Amino acid sequence: MSWESRKTAKMNYFPDEVLEHVFDFITTHKDRNSVSLVCKSWYRIERYSRQRVFIGNCYSISPERLIDRFPGLKSLTLKGKPHFADFNLVPPDWGGFLYPWIKALAKSRIGLEELRLKRMVVSDKSLELLSKSFVNFKSLVLVSCDGFTTDGLAAIAANCRYLRELDLQENEVDDHRGHWLSCFPESCTSLVSLNFACLKGEINLGALERLVARSPNLKSLRLNRAVPLDTLQKLLIRAPQLEDLGTGSYVQDPSSEAYNKLKFAIQCCKSMRSLSGFLEVAPCCMSAIYPVCPNLTFLNLSYAPGLHGDELTKLIQHCGRLKRLWILDCIGDKGLGVVASTCKELQELRVFPSDPFGAGNAAVTEEGLVLISAGCPKLNSILYFCQQMTNAALRTVAKNCPNFIRFRLCTLDPVKPDAVTNQPLDEGFGAIARSCKGLKRLSLSGLLTDQVFFYIGMYAKQLEMLSIAFAGDSDKGMLYVLNGCKRLRKLEIRDCPFGNAALLEDVGKYETMRSLWMSSCEVTLGGCKTLAGKMPSLSVEIIDDSEQMEFNLDEQKVEKMYLYRTLVGPRKDAPEIVWIL
Amino acid sequence: MCMELRLGLALPSTSAIIPIKMFDLNSYGYDPREALGPLLKLGPCDINSSGSRSSSSGSSGGSKKRGFDDEVLLFEEDRIAPKTLPLLLWTNQPNDEDDHKDLDDNSSSAIFKNDGEGLVGWPPVKTWRKKLCRQIPYGGADNNGMEAAEKGCVGRASNSTYVKVKMEGVAIARKIDLSVHNSFETLTSTLMRMFGISDENWKSFKLTYQDREGDWLLAEDVPWRTFIRSLKCLKLIRSRG
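Respectively, the protein sequence lines represent chains A and B. The first sequence maps to residues 1 to 581 in the numbering used here. The second sequence maps to residues 1 to 241 in the numbering used here.
It is worth saying that the hints were derived from the structure and are not from the lab. Fair warning: this is a prediction, and the values are worked out from it, not measured in the lab. It is possible that some hints are incorrect.
Unchecked claim - So these bits of chain A aren't anywhere near chain B, every CB distance computed over 12 Å:
{"id": "1", "residue": "H83"}
{"id": "2", "residue": "P216"}
{"id": "3", "residue": "V251"}
{"id": "4", "residue": "F298"}
{"id": "5", "residue": "F385"}
{"id": "6", "residue": "R408"}
{"id": "7", "residue": "C410"}
{"id": "8", "residue": "R494"}
Stated by the list, open to error - In silico lysine to aspartate or glutamate, EDC-like type, Cα no more than 16 Å apart, as pairs:
{"id": "9", "chain 1": "B", "residue 1": "K130", "chain 2": "A", "residue 2": "E550"}
{"id": "10", "chain 1": "A", "residue 1": "K529", "chain 2": "A", "residue 2": "E550"}
{"id": "11", "chain 1": "A", "residue 1": "K529", "chain 2": "A", "residue 2": "E492"}
{"id": "12", "chain 1": "B", "residue 1": "K131", "chain 2": "A", "residue 2": "D146"}
To be verified - Some, not all, of what chain B presents toward chain A, calculated at C-beta under 8 Å:
{"id": "13", "residue": "G121"}
{"id": "14", "residue": "P124"}
{"id": "15", "residue": "K126"}
{"id": "16", "residue": "W128"}
{"id": "17", "residue": "R129"}
{"id": "18", "residue": "L132"}
{"id": "19", "residue": "G169"}
{"id": "20", "residue": "V170"}
{"id": "21", "residue": "R225"}
{"id": "22", "residue": "R229"}
{"id": "23", "residue": "S230"}
We put the beta carbon where it would ideally sit given N, CA and C, even for glycine.
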């Protein structure tokens, strides 16, 4: 044997089991995807050993192909509707149905254990089928989903014998006020995480207490508004090991016995790191949680409009270890100053508007943002709804915090210029793009011209997701982004003067992206048809809510277009108002 | 040809129109409703009622117009107007001072001055969160939370535990702090004391309440928890027969 072929022989003789073992250490989806592309044998080994799959667009692939490729699948993440569905821009029956996935998985031999869904339509029927089809099912996480009722939850509770996690985040659930909680059998003692904060109805408090009492592994518990403070106190006594708590109704007379008991119960929770809820809150009761504040790494007060500036700052002054803070803008700039001087470990800040339709009366401005950037050197993720912004402030923020990964700014008036100079905010956002070399997600607002897109295209080389509204002057803006941002995966645009020229300049680009959303822009039906014709690997959808479009009139402007790459051609479950070109 | 759209803030007297190129709806060749542009998409409420025809997507449909009369629309053709225009050109006008003040008055933006939604999907806040902000707070929406609770629990407008109680035939309404009650027994004895009703007379009254949907219901028909959660205000009525 010659030297070369001996070498080659050595390289090939690498038993599958060894490779599998090595692949075990490769956990992120990105890395596993890369591994599978190296060669045929790696593809084969990788696919049999893959347990977790992430599908960012449920229409990009079919359940059958998923099952075929990954027979060892245990954990599936699916995302359905486009992001702008969160803001009412997508009709409710657009799609994203879970049922076909469950039906296919149930028929197969896949031993599904975990299902994580975002913006999907989840019917009770699918929940029931899910609960009965997978013996080892352990974890259900639903985020911003809709289509189900508490009856579906009852099925999950009743049938999933080894359920560890039931996490419902901000879903629209039809609450039949049934006794879904009571459906957890006495034998169910495996719960680790239970979050039903988004449910609006009453629950059986006795059943809840008993459930918590028999769940020694419970680490995370998030209650809904119907759970009063005295029940909370009883639950905490049962579960002092809790690490993550979402309170329900947090109202009590502070001089009452119940409140005293709560104070004691909270003090027993030495492991508590994360606190949220306060869906109803009496400010005078907040002092009860001061004992756990110094250990908190996540605090979410964004559902509590009843807490105002002073109470918030008093509370936050106890929270020196916070890494993530979600808050309402009633904290004010001054309050953000307190955050800046107290929370030196802060990585993520979200400031939500307490009064989204109060005609732009948010209580925070560019000042608060600057203070935060100056005080919190580890800040890497921000969502900030504010009254106004300035280029100077953004430049300062960019200088103070070059580590932003996510930067989302929303001025309540979408086209508000620099509050001091009246100039567009191009320079400010440009500074962010230039300074934050690791920026992956960006949302813009305020008065913006094509110039800001020039900067983004030039500097935001790692950008993966961009959200644009009411910005730009011409097609050039969109082209700067499409040409410059090589890593772009998701682009969502509304109310911008971008038209066919921009859309059609580089049609191949869309195959490198997950999806493109354009609404209220200048794109016409003809342009969309051209695109669809050139790119069979894309699904180009036109959403005609108002039913005013005529299929043969190419010059019409398209109100809403959503396109995405797909391996399985046009979907068959679209409603009538959605045209797939 | 590119068009640049800018929002015009509604100023109290909009007779002084800015001397920029005003868009002539008739000459541009667009359907008038399209010309008003994407910025003025109103009528968001229809979008969610599934399948219903929302005729206001183009936004100039009759009753769906909101504040259009108050608004001044500014359109410039790209080649003529400066590349970027500040939000308003009002600053070049004689009444500069006044205008500037109005600029700062954030409630003057007509697009956002409304009785509900303004622009569809703006600000980009999740529906679920928006509903939270509008939820009628604990104890009802009628109370003003002006009085500090006797027991030191300061009630604020959005989380006060006080509710109005009216008695049929009595002109003045009273306020009662619900947080100190956790059963109908204590509530009724407080009410009896408040209105000076004796035990025998109490039998001739019925306690009713108005819930969040505006319906009047009998308190005795529902469990305490349901009652507390949904009530907005109370009324004592004389039971007939």
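- Query: Which numbered hints does this structure break?
  - Reply: 1, 3, 5, 6, 7, 8, 9, 11, 19, 20, 23
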